[in-house]
Each structure stands twice: as C-alpha cells, then as structure tokens.
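Participant: If you want the building blocks of each chain, they are given just below.
Protein chains: 2
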Amino acid sequence: MKSRRKFLQTLTVAGAAATLPINLMAQQNSKQKLIHQVFFWLNSGVDVQDFIKEAKELGKCKTVDKFYIGTPAPTEARDVVDHSYQVACTLFFDSLADQDEYQVDPKHLAFIEKNSSKWASVKVYDFLI
Amino acid sequence: MKSRRKFLQTLTVAGAAATLPINLMAQQNSKQKLIHQVFFWLNSGVDVQDFIKEAKELGKCKTVDKFYIGTPAPTEARDVVDHSYQVACTLFFDSLADQDEYQVDPKHLAFIEKNSSKWASVKVYDFLI
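Chains as they are written, first to last, in this note's numbering: chain A, 1249 to 1377; chain B, 1249 to 1377.
Chain A on its own, in the form it takes in the complex (with noise of 0.2 Å):
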C-alpha cells in the first residue's frame, strides 16, 4: 500500500505541476485585452448602408469597449489583400471573458436573429493582445 500512495502522491504533486502553468495562463488572458475581427460576405440584393445600421447595435453590447466598422478600402490590389468581403467590424474587448459575454449578449443574439440570412459566409478571428 505504501508504494501505492507513494505512487498516487506523486501523481497528484505532478498534476498540480501539469495544471498550474494552464491555471495561471487562464489568469494571464483574463487580463490580457483581445480583438475579436469579423467579417461578411452579404448576399446579393442586400444593401450595404441597412446592414450597417444593424451591425452597429452589436457596439452597444455591453461588454464591448471599442467598435469600429468599414468597407473595403479601395488599396492596391496584391493577391495577399482580400477585398471580397462587403462589411467589416473590429471590436476590442478588456478580457476573454467578457467577448465571452459578448457572444449571448441579448443584442448579440437579436441581430443575429434578425439578419443571419443576410449574410453568405462571415470570417471571424480572434486574437489577444
């Protein structure tokens, strides 16, 4: 029996070890600011400047701390820049939790609601910094 806690023992003293750099990552992106960039491909038909205004509401959620939203500007066409998309947003967020937040923020999910079926494909990619 000895040998067997001995055995549990160091297994638990080398899980601590295994899980605690995990724990204090998770506490280094909760302070860490993150951008979360999406980007939509609209069906045809659908007007830009509408669409726009809708997706304005999503800077209203709460947990948002910055919104940006743009078209494609009209730079030098290099076969590395993608100007196939039609509307743009850049959001910043203070921590990962709160764009975690932001995802069932009840704006979120009512423009989502109403104007998923404007959109063909939409690119999302998020990123701490």
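It cannot be assumed that every hint is accurate.
Treat identical chains as interchangeable: a pair holds within one or across any two.
To be verified - With a straight-line Cα cutoff of 25 Å, these simulated SDA-like cross-link-like pairs (lysine to any residue) come out:
| id | residue 1 | residue 2 |
| --- | --- | --- |
| 1 | Lys1371 | Phe1315 |
| 2 | Lys1314 | Ser1292 |
| 3 | Lys1310 | Ala1325 |
| 4 | Lys1371 | Gln1334 |
| 5 | Lys1366 | Ala1345 |
| 6 | Lys1371 | Ile1317 |
| 7 | Lys1281 | Pro1354 |
Keep in mind the hints are simulated off the structure, nothing from the lab.
Given chain A's structure and the hints, the job is docking chain B onto it.
Facilitator: Okay, now just chain B, sitting in the frame of chain A:
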C-alpha cells in the same frame, strides 16, 4: 470641323462629369480612417515570440496611427472562427494616403526583406472606418 469640335467638347464635358464623382470620392477617402489587418501563417520552426519582436518594428513606421499585435485567443472553436494563423497585426491609419506611404516606408520594406522567408502565407484586409 464644327461638329467634330462640338463632339470633342461634349466628350470633354462628359469626361469631366464622369471623373468628378471619382475625385470627390478620393477626397472623401483621403479623410477617412483605415484599418489594415494582417494575419501571418508562419513556417514550422519559426519562433513566434522572435517574429513578434521583429513585427513590432512595423508599428514604428511614420504614418502608423495605432498598432496592435497578437496571437490567437482561446475562444470557442466554431466553424466561422479561424484560429489557424500564428500572428495578427492591426494597424490604424488616418487616411488611405497614409497606408499607401506605409507600404513603401523603409522600416516596412526592411521588415519584409528580413522576415518574408518566415511566413508560409499572409492575408490582408483593408477597410475604411
């Protein structure tokens, strides 16, 4: 000859009318802020932190208004979210002209010269906000 002159005059006037809105658009664009959003997919073996250190030099280019750099956030894995890149850069410019100038800024060109072998692909989105 008279009718030819008249035809040429009409052409010129029509040409002026056609180009005027484009010129006005350019003026409007020149006052509009722009986000230049870049995602890097690095070659295997490239140290992400070393690359970030190099890429931070981009934020020192003369016409950059604001600069953010980050790595994918551990947000929920959804079909619409791309977490596959390694480094994201968000650059704010005060105008289209400032972004054009950034493209040929010596610090930008030096970064490309020194680091372009480190990425497998890069994707750029430019949008007026």
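Participant: Evaluate each hint against the coordinates.
Facilitator: For each hint, the structure was consulted:
Taking identical chains as interchangeable, the C-alpha atoms of Lys1371 and Phe1315 lie at most 25 Å apart whether they share a chain (17 Å) or sit on different chains (22 Å). When the C-alpha separation of Lys1314 and Ser1292 is checked against a cutoff of 25 Å, the pair qualifies neither within a copy, at 29 Å, nor between copies, at 34 Å. Only between protomers do Lys1310 and Ala1325 lie at most 25 Å apart by alpha-carbon distance; the minimum there is 23 Å, versus 37 Å within a single protomer. With identical chains, the CA atoms of Lys1371 and Gln1334 are at most 25 Å apart both within one copy (12 Å) and between copies (17 Å).
In this assembly of identical chains, Lys1366 and Ala1345 lie within 25 Å of each other by CA distance neither inside one copy nor across copies; the values are 28 Å within and 33 Å between. Taking the shortest alpha-carbon separations for Lys1371 and Ile1317, both the intra-copy value of 15 Å and the inter-copy value of 19 Å come in at or below 25 Å. Proximity of Lys1281 and Pro1354 under a CA criterion of 25 Å is satisfied intra-copy only: 22 Å inside one chain copy versus 30 Å between copies.
When held up to the earlier numbered hints, the structure conflicts with 2, 5 and fits the remainder.
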